[in-house]
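> Chain by chain, the residues:
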Amino acid sequence: MSDITAPGFPEEEVRRRARLGAAAAFPPPGEYGQVLYGGGRVPAGSGAPDALDALRLVPPVFMPGRLARLVELGHEPTYRDVDLEVTVGGFHSALPLYLSALGSTRAAGDRGLGLALSRQAGVMGVPLVIGENVTSVHGYGRGGDAPGDSSVLARLVAYAETAPEGRGGVVVQQSTEDADAEVWNLAYSDPAAQPLLDSGRLAFELKAGQGAKPGLGGMTVLPEAAAERMREHFVVDPLFEGRRVLRSGSPGTLTEEILRQQIRLMRNNYPRARVWVKLPPGRDVADAARLAVAAGADAVTVDGAEGGTGWAPEVFLGQVGLPLAECLRRLGGPLPGLLVSGGMWEGGRAVKCLALGATAVGLGRAALLAVAEDPRQGLARLVECLALEMRLLISALGKYRPDVLGPEDLWSPSVPPSNRLDSSR
Amino acid sequence: MSEAEVTIPPTDPGVHLNSARTRSVLRVQQQLLGAAREYLREAGFTELLPPVIGPVTDPGARGAKQVDIDFYGHRYKLMTSAILYKQASLLAFDKIFCIAPNVRLEPLETAHTSRHLAEFHQLDVEVAGASREEVMELLERLVVHMVNRTVTGLPGELERLGRDPDAFRPLSTGPFRRVTHAEAVRELRDLGHGQSPDAELDWEGEAILSAKSDRPFLVTDYPKGSRGFYDREDPAAPGVLRNFDLIAPQGYGELCSGSERTNDYAEIVTRMRETGENPRKYRWYLDLVREGLPGSAGFGIGVERLTRYVAGLDAVWQASAYPKLPGVVSP
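So the sequences go chain by chain: A and B.
As numbered in UniProt numbering, residues 1 to 425 make up the first sequence, in order.
As numbered in UniProt numbering, residues 1 to 331 make up the second sequence, in order.
No lab work stands behind these hints: they were computed from the structure.
No incorrect hints appear here.
Not close to chain B: a few residues of chain A, all C-beta gaps over 10 Å, as computed:
1) A54
2) T78
3) Y79
4) D81
5) D83
6) A286
7) G348
8) L392
Here are the computed lysine to aspartate or glutamate pairs in the EDC-like style, where the Cα-Cα straight-line distance is at most 20 Å:
9) B/K324 - B/E119
10) B/K324 - B/E109
11) B/K281 - A/D180
12) B/K212 - B/D190
13) B/K281 - A/E228
14) B/K281 - B/D70
15) B/K281 - A/E232
16) B/K95 - B/E137
17) B/K324 - B/D314
For each residue, glycine too, the CB sits at the ideal point set by N, CA and C.
Given only the sequences and the hints, what does the whole structure look like? Please build it.
Next comes the structure, spelled out in structure tokens:
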């Protein structure tokens, strides 16, 4: 077991799922017949509920969708008849899920968890994003670089070796600083990436920002000696005791035209790779997302202010960026290829995001905690539990595919009925 | 050239170098370069020897990886093209040219296009104060001169290579045809090829247009997002670049790219961001631009590609004494 912690995140619940799998979707079976469960119970692990947690999923009584499925199957449908398979950013995924970039943080790198995560994601056929800065911090893994377990190449190969044919995909992220390391060009010309490219399972993600610290670039804490070689490309601030420094990347400058052209350039230069764009929870997130899709992005990832696995100034964690619920409200409904992340770990929050227009949701901290709990099976068990909850919830709504969920499946206690999301969809 | 005829280099470099065919090809190449030098010197150009390494290089190569080298603890690059130095060299002379070695670790699938090498040479030309139209005319005259000098100077070699000199008869019958990128996209779509209007002509599309033509032609006005930051955006048509490609006929494909260059500091920094680049690493170049580089226009002709066209070769590697195909480990 690893010593990673995630304050403010339902860590114990995630770890329990990583140990027990789908069984963790229910109270302990030993309590069956003895404890009386009912409404009003606070969901395990939830702290102060945000706007998404406050929403309720509201199954109807009359279900024409269920009738259609009944006719199709010839028997009464159950939760097992929910088909979770979707297209996530151009990839066939076993369920509406992807693994968010975990970047170069020590948590993902030094402990080998990034590699464990790649393997498990591969086995499940769930798309995996390899974070920006992995190259600059852990190396790419070719040529003069030491091919460490944390390198891009090691993660990419681990995924490709385990992924079932035709399922999943790897997304290699690059940000402003990484342009210097040319991560995309390196991956695109790498023999190890060819099986993924040939099967249409390689994407490049342009990182325009992140949830935990919108407006800032990547940040890591490093020993002074390790930071020395990075001075040429990063801001290095000697802020901390114990000869440790803050290393900051630039967030990169975007305008509408810069974003549009960067996406076009990606499509031009890497015609065989999918194009993903990751947006921070900025106030103009809806404009940026629509622009990215219009410019040809296969996926737009919106990282709510609840997101993040790394290091961020506390003032940003508490007071900067739109919560994911507000991002979704501003997006105003489905957008092709919309992916969202921010505090995901169980089925309820995930299904609510799908009902609000997302195609899939991203696991960040939860995935890292799950592999920390059990590097071989932890993530698979967490996802098994999440998938069961999704099936239970979606079938309860009288629907059998994630993409037919809509705002009519949600109720907000705080919003008067007249102001609710348009349910005409 | 059918697929079946596509060849790969012999693994033994001695076999390639000892072949009479290779000797004929290299003589054709020498003749072409000699003719270029003759023409350009006559026209008042100065030949410079281009640098091989530098802190940055041309990022405009689509999908190709740059080669890093350790320059006394600093990461340097092998040149993917001479573009930045071509512009800088105009501080010394108004009209320059060089025969520049370029290294681009191209995507692996380009090993089978018959027209990509990981190491190749470019005849680079740059003219201070010139417009795109002026350098396109210069390019036409230069190519016609190089080809004519070779056809008249080395009839025996071309015969040995099985290249019919009549193939070049249409070359001198007037200015090359010019089509805009948008027109080329329309033409390809009409032919059922799904060419993207926002991207370079893809290799298949370019081959289709090339095969239809019996003489070289120019494609102009590529969209922004398909080229490096140095191609000037047309002030009268935002989103369109004042650039061009020269495409060889008979399926030989692209021979040359060129453009009017932007020399405005703010525009260059903005365009660097649009092409996903970090301006910080272009410091020496941006400092020069800020101090004032002349406006210019220029082009680079792929020496091995032009040799392939003139010698009528199946693949571009045959025009190199030491060919390096993308992904193929070779001396």
